[in-house]
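Engineer: These protein sequences, in sequence, are chains U and E.
Sequential numbering of the first sequence, starting at 1, is according to full-length UniProt numbering.
Sequential numbering of the second sequence, starting at 1, is according to full-length UniProt numbering.
Check each hint, because a few of them may be wrong.
Said to hold, decoys possible - Pair ranges (Cβ atoms, derived):
| # | chain 1 | residue 1 | chain 2 | residue 2 | range |
| --- | --- | --- | --- | --- | --- |
| 1 | E | 66 | U | 67 | 24 to 32 Å |
| 2 | U | 78 | E | 49 | 21 to 29 Å |
| 3 | U | 78 | E | 40 | 21 to 29 Å |
| 4 | E | 183 | U | 57 | 13 to 21 Å |
| 5 | E | 9 | U | 10 | 15 to 23 Å |
| 6 | U | 67 | E | 67 | 52 to 60 Å |
| 7 | E | 35 | U | 87 | 20 to 28 Å |
| 8 | E | 63 | U | 66 | 30 to 38 Å |
| 9 | U | 73 | E | 112 | 20 to 28 Å |
| 10 | U | 66 | E | 59 | 28 to 36 Å |
| 11 | U | 24 | E | 206 | 13 to 21 Å |
| 12 | U | 62 | E | 76 | 37 to 45 Å |
These are computed hints drawn from the structure, not numbers from a lab.
As the structure is a prediction and not an experimental result, all values here were calculated from the model.
Backbone N, C-alpha and C fix where the C-beta goes; we use that ideal spot for every residue, glycine too.
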Amino acid sequence: MKHIVKILALVVAITVLWIGLLQTSVIPYNHTWLLPIYFVVSLGCYGLLMVGVGLMNFPTCPQEALLLQKDIVEAKEYLKQKGVDLTLN
Amino acid sequence: MDEPHQKQKNKYSIIVPTYNERLNIGLIVYLIFKHLRDADFEIIIVDDGSPDGTQDVVKQLQQVYGEDRILLRARPRKLGLGTAYIHGMKHASGNFVVIMDADLSHHPKYLPSFISKQLETGADIVTGTRYVKGGGVHGWNLMRKLTSRGANVLAQTLLWPGVSDLTGSFRLYRKSVLEDIISCCVSKGYVFQMEMIVRASRKGYHIEEILGSICNCINRPRAFGIFIASSMPPKPPTKDPDEILHAIQDCLSAIQTHMESQDNREHDMEAKHESLHPILYHPR
Numbered sequence: 001m002k003h004i005v006k007i008l009a010l011v012v013a014i015t016v017l018w019i020g021l022l023q024t025s026v027i028p029y030n031h032t033w034l035l036p037i038y039f040v041v042s043l044g045c046y047g048l049l050m051v052g053v054g055l056m057n058f059p060t061c062p063q064e065a066l067l068l069q070k071d072i073v074e075a076k077e078y079l080k081q082k083g084v085d086l087t088l089n
Numbered sequence: 001m002d003e004p005h006q007k008q009k010n011k012y013s014i015i016v017p018t019y020n021e022r023l024n025i026g027l028i029v030y031l032i033f034k035h036l037r038d039a040d041f042e043i044i045i046v047d048d049g050s051p052d053g054t055q056d057v058v059k060q061l062q063q064v065y066g067e068d069r070i071l072l073r074a075r076p077r078k079l080g081l082g083t084a085y086i087h088g089m090k091h092a093s094g095n096f097v098v099i100m101d102a103d104l105s106h107h108p109k110y111l112p113s114f115i116s117k118q119l120e121t122g123a124d125i126v127t128g129t130r131y132v133k134g135g136g137v138h139g140w141n142l143m144r145k146l147t148s149r150g151a152n153v154l155a156q157t158l159l160w161p162g163v164s165d166l167t168g169s170f171r172l173y174r175k176s177v178l179e180d181i182i183s184c185c186v187s188k189g190y191v192f193q194m195e196m197i198v199r200a201s202r203k204g205y206h207i208e209e210i211l212g213s214i215c216n217c218i219n220r221p222r223a224f225g226i227f228i229a230s231s232m233p234p235k236p237p238t239k240d241p242d243e244i245l246h247a248i249q250d251c252l253s254a255i256q257t258h259m260e261s262q263d264n265r266e267h268d269m270e271a272k273h274e275s276l277h278p279i280l281y282h283p284r
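Kindly generate the complete structure, drawing on both the sequences and the hints.
Structural biologist: So this is what it looks like as structure tokens:
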């Protein structure tokens with residue numbers, strides 16, 4: 001239950017800040033009213049950006065595939081010698 | 001406590017759940033014995049009644065390597081991945097448990113680095129990551145990468161687990177720790193691995209990641225269908241057009257269940273794990 005409390009506290013803090021801004025009208029009222037929408041949109045953008053960056057930098061390792069292929073040949077040889085039948089009959 | 005002494009004392013139980021892995025189980029056992037020469041270990045194969053004769057191959061392997069090193073703990077039918085781990089753990093005599101897939105997506109050559117990382121740091125869990133430099137995957141299509149990334153970003157943002165790769169499943173656990181976290185996992189499918197690691201980090205267990213090693217290199221054998229499974233009937237393609245949707249749904253439900261049931265540990269373990277979706281066996 002600790003984590004939900006943390007997230008709720010964050011949400012409450014942001015809401016309080018927003019209501020404070022609405023009340024004090026430091027920024028024009030119209031702008032303050034739209035702030036939550038900006039917030040949600042920027043959160044979405046952040047998510048998409050993270051996924052995009054992650055996809056672009058997704059590590060791959062084609063050389064490992066070749067190494068594995070070698071290992072497989074080696075293993076098959078060995079097991080054949082030992083009389084283990086791996087093929088599907 | 002000097003290190004050689006420590007190493008002598010530790011025993012590693014490698015749990016490999018299988019279903020129709022006749023060829024791969026032979027390869028993986030060979031590779032484990034090749035790469036883990038100086039550690040005390042046992043391989044526990046939990047086979048869910050494969051029709052392709054996986055168990056016969058395992059019996060032949062027992063003749064080669066010894067019945068005390070390879071344990072076959074079969075179950076009559078497909079009962080799911082979560083219960084396979086529990087079943088395997090019941091028979092594990094080691095104080096550490098390694099969980100790996102039988103489809104060669106997890107290469108046994110990384111086992112020594114898991115073990116030495118654990119010895120160095122005294123960690124409770126060592127997990128392999130694909131997202132740190134040096135890690136990587138091969139043979140994944142864009143959809144699968146997108147799913148993996150999307151689920152990880154979503155979970156990172158909402159759960160702050162402090163682990164870079166949540167869905168990877170090549171991990172080494174202290175046995176008592178695995179018993180503890182597996183008993184309170186409620187989710188199923190793609191998120192099962194995620195839930196385990198998030199719960200572990202919430203419970204304050206010491207988690208270490210293996211950096212700079214390629215862990216989940218080849219995740220699906222069908223990427224290598226040509227030479228791994230040439231004699232086997234091809235497995236059904238895993239690509240599901242709604243895969244990402246499912247992943248996100250799963251992710252959301254995991255987050256939900258996680259928040260709802262943090263203290264819900266008294267549940268009957270068996271009943272919960274009955275419902276676990278068999279991740280490994282997915283012909284989705």
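Engineer: Between residue 66 of chain E and residue 67 of chain U, is the Cβ distance one that fits in 24 to 32 Å?
Structural biologist: 28 Å, holds
Engineer: Within 21 to 29 Å: is that where the Cβ-Cβ distance between residue 78 of chain U and residue 49 of chain E falls?
Structural biologist: Since the Cβ atoms of residue 78 of chain U and residue 49 of chain E sit about 28 Å apart, the hinted range of 21 to 29 Å holds.
Engineer: Given the range 13 to 21 Å, decide if the beta-carbon distance of residue 183 of chain E to residue 57 of chain U lies inside it.
Structural biologist: Violated - the Cβ-Cβ distance for residue 183 of chain E and residue 57 of chain U, about 37 Å, lies outside 13 to 21 Å.
Engineer: Could you say whether the range 37 to 45 Å given as a hint is met by the Cβ separation of residue 62 of chain U and residue 76 of chain E?
Structural biologist: 40 Å, holds
Engineer: Range hint 20 to 28 Å: satisfied by the CB atoms of residue 73 of chain U and residue 112 of chain E?
Structural biologist: Holds, since residue 73 of chain U and residue 112 of chain E (Cβ atoms, about 22 Å apart) stay within the stated range.
Engineer: Does 15 to 23 Å hold as the CB distance between residue 9 of chain E and residue 10 of chain U, or does it fail?
Structural biologist: 45 Å, violated
Engineer: Is 30 to 38 Å respected by the C-beta to C-beta distance linking residue 63 of chain E and residue 66 of chain U?
Structural biologist: 32 Å Cβ-Cβ, so the 30 to 38 Å window holds.
Engineer: Lying within 20 to 28 Å: is that true of the beta-carbon distance residue 35 of chain E to residue 87 of chain U?
Structural biologist: Taking Cβ atoms as reference, residue 35 of chain E and residue 87 of chain U lie about 24 Å apart, which means the hint holds.
Engineer: Taking the beta carbons of residue 24 of chain U and residue 206 of chain E, is their distance inside 13 to 21 Å?
Structural biologist: Once the Cβ atoms are compared, 47 Å apart, the range 13 to 21 Å for residue 206 of chain E and residue 24 of chain U is violated.
Engineer: Take a look at whether the Cβ-Cβ distance between residue 78 of chain U and residue 40 of chain E falls inside 21 to 29 Å.
Structural biologist: Holds, since residue 78 of chain U and residue 40 of chain E (Cβ atoms, about 22 Å apart) stay within the stated range.
Engineer: Taking the Cβ atom of residue 66 of chain U and the Cβ atom of residue 59 of chain E, is their distance within the range 28 to 36 Å?
Structural biologist: Once the Cβ atoms are compared, 32 Å apart, the range 28 to 36 Å for residue 59 of chain E and residue 66 of chain U holds.
Engineer: Tell me if the beta carbons of residue 67 of chain U and residue 67 of chain E are separated by a distance inside 52 to 60 Å.
Structural biologist: 31 Å, violated
The structure fails to meet hints 4, 5, 6, 11 from the earlier list, while all remaining hints are met.
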